[in-house]
Amino acid sequence: MSIKLTSEVVRVAGESEILVSIEGEKVKVEYDSLASLRSFESLVIGRKYWEVPYVVSRVCGVCSHAHFWASNLAMESALGIKVDEATSILRDVCNKLQILQNHIIHLGFLVLPDYEYLVKNDKYVNTLLKVNKVVNEALRLLGGRLTNPNVYIPGGFTEDLKQSVIKKVMNLLESVGNDLRELANIILGIELPELADPFPEYVSLRNSPSVTVPVEGPYVIDSSENTYIVYENYREIFVERYLDLSMSKKCLINGEKVFHTGARARLINYLRDGSGLSSELRYLIAGYEQLFKKNPFSNIYAKIIESLLIHENLLQTLSSLDTGKLSRVRPGNNFSGGFGVGIVEAPRGLLIHYYELNPEMRVIKADIITPTVMFSKHIEVSSEALIKSLLASKEEQNESLIKRFVEALVRAYDPCIPCAVHVIKMKR
Amino acid sequence: MSVRLAVVPLSSCDGCQYNLLNEEFLDLLKGLNVKLVFWPLLGLGDGAETYDIALVEGSVMSSRDLKTLLDARKKSRVLVAMGACALLGGVQAWSSNSISRKLGDEVGFSRPINHYVKVDHHVRGCPVNVGEVIKLLKSLISGDLIYVGGRRFNYVSRDSFKISGSLLEIETSKCVVCGRCVEACSLIGAKALNYVFKGIQTTISTPYQESLESAGCVNCGLCFAYCPVGAISLKTKTEDLLDKIREGFLRTAYIEPEALTSLIESDNLELGQVISAIKQIGFTKVFIYSNLCEARNSVGGEILARSPVELSILSKQIPEYSVYLLTPRIPQDSVYISQCVSWRNVVNSLTTRELQLLIRGLGMEKLDSERPDGVVSCWEDVILVSGLKDMRQVLLNPEKPIDKRIVFEACPGGCLLGGGQSISKYNDLTKVLAKRREILKKITTENLIPHGLQLKASPF
Chain X
0 MSIKLTSEVV
10 RVAGESEILV
20 SIEGEKVKVE
30 YDSLASLRSF
40 ESLVIGRKYW
50 EVPYVVSRVC
60 GVCSHAHFWA
70 SNLAMESALG
80 IKVDEATSIL
90 RDVCNKLQIL
100 QNHIIHLGFL
110 VLPDYEYLVK
120 NDKYVNTLLK
130 VNKVVNEALR
140 LLGGRLTNPN
150 VYIPGGFTED
160 LKQSVIKKVM
170 NLLESVGNDL
180 RELANIILGI
190 ELPELADPFP
200 EYVSLRNSPS
210 VTVPVEGPYV
220 IDSSENTYIV
230 YENYREIFVE
240 RYLDLSMSKK
250 CLINGEKVFH
260 TGARARLINY
270 LRDGSGLSSE
280 LRYLIAGYEQ
290 LFKKNPFSNI
300 YAKIIESLLI
310 HENLLQTLSS
320 LDTGKLSRVR
330 PGNNFSGGFG
340 VGIVEAPRGL
350 LIHYYELNPE
360 MRVIKADIIT
370 PTVMFSKHIE
380 VSSEALIKSL
390 LASKEEQNES
400 LIKRFVEALV
410 RAYDPCIPCA
420 VHVIKMKR
Chain R
0 MSVRLAVVPL
10 SSCDGCQYNL
20 LNEEFLDLLK
30 GLNVKLVFWP
40 LLGLGDGAET
50 YDIALVEGSV
60 MSSRDLKTLL
70 DARKKSRVLV
80 AMGACALLGG
90 VQAWSSNSIS
100 RKLGDEVGFS
110 RPINHYVKVD
120 HHVRGCPVNV
130 GEVIKLLKSL
140 ISGDLIYVGG
150 RRFNYVSRDS
160 FKISGSLLEI
170 ETSKCVVCGR
180 CVEACSLIGA
190 KALNYVFKGI
200 QTTISTPYQE
210 SLESAGCVNC
220 GLCFAYCPVG
230 AISLKTKTED
240 LLDKIREGFL
250 RTAYIEPEAL
260 TSLIESDNLE
270 LGQVISAIKQ
280 IGFTKVFIYS
290 NLCEARNSVG
300 GEILARSPVE
310 LSILSKQIPE
320 YSVYLLTPRI
330 PQDSVYISQC
340 VSWRNVVNSL
350 TTRELQLLIR
360 GLGMEKLDSE
370 RPDGVVSCWE
380 DVILVSGLKD
390 MRQVLLNPEK
400 PIDKRIVFEA
410 CPGGCLLGGG
420 QSISKYNDLT
430 KVLAKRREIL
440 KKITTENLIP
450 HGLQLKASPF
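Chains X and R, in that order, give the protein sequences. Residue numbers for the first sequence follow numbering that gives the first Met the number 0, so the first one is 0 and each next one is one higher. Residue numbers for the second sequence follow numbering that gives the first Met the number 0, so the first one is 0 and each next one is one higher.
No lab work stands behind these hints: they were computed from the structure. Heads up, some of the hints might be wrong.
Calculated lysine to aspartate or glutamate pairs in the DMTMM-like style (CA-CA distance at most 20 angstroms, straight line) [to be verified]:
(1) X:122 - R:389
(2) X:122 - R:23
(3) X:132 - R:170
(4) X:122 - R:22
(5) X:293 - X:398
(6) R:134 - R:23
(7) R:66 - X:16
(8) X:81 - X:50
(9) X:132 - R:23
(10) R:236 - R:170
(11) X:119 - R:26
(12) X:129 - R:22
(13) R:73 - R:51
(14) X:132 - R:51
(15) R:315 - R:389
(16) X:27 - X:311
(17) R:66 - X:121
(18) X:132 - R:131
(19) R:29 - X:16
(20) X:129 - R:23
(21) X:119 - R:22
(22) X:387 - X:355
(23) X:132 - X:115
(24) X:129 - R:26
Note that the structure is a prediction, hence the values are computed from the model and not measured.
Could you build all of it, start to finish, from the sequences and the hints given here?
Take a look at the structure:
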């Protein structure tokens, strides 16, 4: 059996294509970006420290809060600024709201047509739209606008926040608690395609879905097999290289092992500590742990469970947040240059920003590693596994079926191509 | 029929698209009877052949983007640049070292989409305000005036164009939209020219840029006379005629008294000096000839049109009188120096303004005084009517003089202020007219008639 397939994957953020070649037993899958390289690392060279977050948040309109936060963290540790706890918590709240928004959009608009069960369910679509509206409104209240907010700056926020806004956000979130639970009931009832994924490492920031906020490095990164202390050594742990004859750069942990990051990894690792986790959710996550490790299609389960978790956490965090404590710290006068690393959990996984500043506080070196780059190798590996299992099954196989399954798998990963500034498609 | 909407992504952060993904926007689409036919983010694509409205997000950074954009332009009726990337190139346009060009892509640099295609409307912002997009869509669909985003910069440059008729030609690239031609055109009653387009794109044109004659132009040449920048010009140039004169094919010149008058008035010349100047150009014989003398042939109640302009205006505006029209005969195989531009289409003709420039080129001090070789004139028993308004009053008056000969001059102020007349040193037209009337009276009573050169009948 010999099949060659090229398919542009729709219903993901950005343009990408998947290439499948099957020759007898041999199966090869490549996942490439079709979006043009926008080279943000070179754009920020020579810019003042406070300009950089505004520029790099335009890497991705889907998770701009995460980019803002990571670049601010990196800038602050480079400048030696320590922000107050309230600022850190508020940034974390915004980022979590964005994760929630991304999960809802993914569940509502992107993967929806892959599952007939969901398409027919009118109640599901209406509930999703309602939740989406509420989360958008909350993000608008906190960030000034929906995408590319204009409130972040290294050292704090550009303006004070009234306590009444926090109250409003809490009311909004409380109003959708039941809706989220309803959604969870529907989504967890979906029958997923079966797939035995070769076990990769699952990597996430320690306790990332909980209320604990990383304020400065070094960052503790948990994996399903290891614990890494990451700061300036991030390049040694997350190694980007060209693999085999593939045209795209791929990221491997320690330069050898395929790894995954994102909602599934966060839930798997969080379960080990699980502080501040309600027993109901702990039970839920533990029940799905093996499935999360085994089947990438279960990403949609992970997303809705994490949405429940985030919703619970946000209400807790916001109730104890005092906006009167927000203050803005400015960098000192005698700065002699330095570097900083910022790592946060973006909706799709780990996001690393690195900046080196000269004594004039201008950027001389910049580096960004985004989650989609990290798990793009994993997409290829699990697609190959999927095709192999499809070929091994007794039912008759054809191109369109394989194409449909592979596209559905890529979509389940929810890759974000605008983010993946590293996935270069070279001349073919 | 539902409106077909497409959202076309190019190189960008996708933020504008995610901004649109909310209940408000999707509800609105349902309410406006809009059908989404192309949006890769929602899995809609291919199959659709045409779009009514295409919202383009992102800048052109690769040949793939360019292909998508050109395809979208071809398929869509209205193309909207959505957000800062599409409008201005986005942050990625800051980059000067293009990696994608090094990798072999032809486009390489980030450019706004109006660099490649025509953009109909735009919405500003990074990201865009959903409210503005909704407003724009609403006004596009309902056909209201569009004010969303405004038009602060002239993103869309409309190509300049030429409008030509049989006699005149308008180049809009030279036009400064002073509006004198529009006023003149409406005064004479043709109303062929008017303002077109809006805002900074305003220019002068005929409706739908059709040819001048089909828009109602009568070739009076008033627009040509009053244009201060030379945007309106004659199609046949003076040089062609001068060549013929110098080669000796055309040796006789006939000059109208009105043309003589305006030359005398504007350049402070004597009648003899003008005749001398015309002879210096290359003519052997110069006659003074007024086509008013054709009125002698009329029995009474008929109307003499002094030029083709009056013919076309009367036959268009008061068609019931077109059977009473008399047309003057004009000498062939000679040059007719006239105050009217429209004779250019019929015979070899020089306008007074062209003659004025030629005489100025000769130099005033060289001019002697010479007598004309003959005069053909008639100044009795005619009613001179100038302007369409007066003509209407005369013709539609029940007590109109049936036995009198009526002569119609279409230009406001008559032939003394005709489309081909020379440029006066005075700006005030009433003053110019008064002055020229005085000179014409002087010529006819003191100069011409005492010479005894008046002929009884037309020589042709």
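How the hints compare with the structure:
| no. | hint | in the structure |
| --- | --- | --- |
| 1 | X:122 - R:389 | violated, 78 angstroms |
| 2 | X:122 - R:23 | holds, 18 angstroms |
| 3 | X:132 - R:170 | violated, 55 angstroms |
| 4 | X:122 - R:22 | holds, 15 angstroms |
| 5 | X:293 - X:398 | violated, 25 angstroms |
| 6 | R:134 - R:23 | holds, 12 angstroms |
| 7 | R:66 - X:16 | holds, 17 angstroms |
| 8 | X:81 - X:50 | holds, 19 angstroms |
| 9 | X:132 - R:23 | holds, 8 angstroms |
| 10 | R:236 - R:170 | holds, 16 angstroms |
| 11 | X:119 - R:26 | holds, 19 angstroms |
| 12 | X:129 - R:22 | holds, 8 angstroms |
| 13 | R:73 - R:51 | holds, 11 angstroms |
| 14 | X:132 - R:51 | violated, 28 angstroms |
| 15 | R:315 - R:389 | holds, 16 angstroms |
| 16 | X:27 - X:311 | violated, 42 angstroms |
| 17 | R:66 - X:121 | violated, 38 angstroms |
| 18 | X:132 - R:131 | holds, 18 angstroms |
| 19 | R:29 - X:16 | violated, 31 angstroms |
| 20 | X:129 - R:23 | holds, 10 angstroms |
| 21 | X:119 - R:22 | holds, 19 angstroms |
| 22 | X:387 - X:355 | violated, 45 angstroms |
| 23 | X:132 - X:115 | violated, 24 angstroms |
| 24 | X:129 - R:26 | holds, 12 angstroms |
Of the hints listed earlier, those the structure fails to meet are numbers 1, 3, 5, 14, 16, 17, 19, 22 and 23, in rising order.
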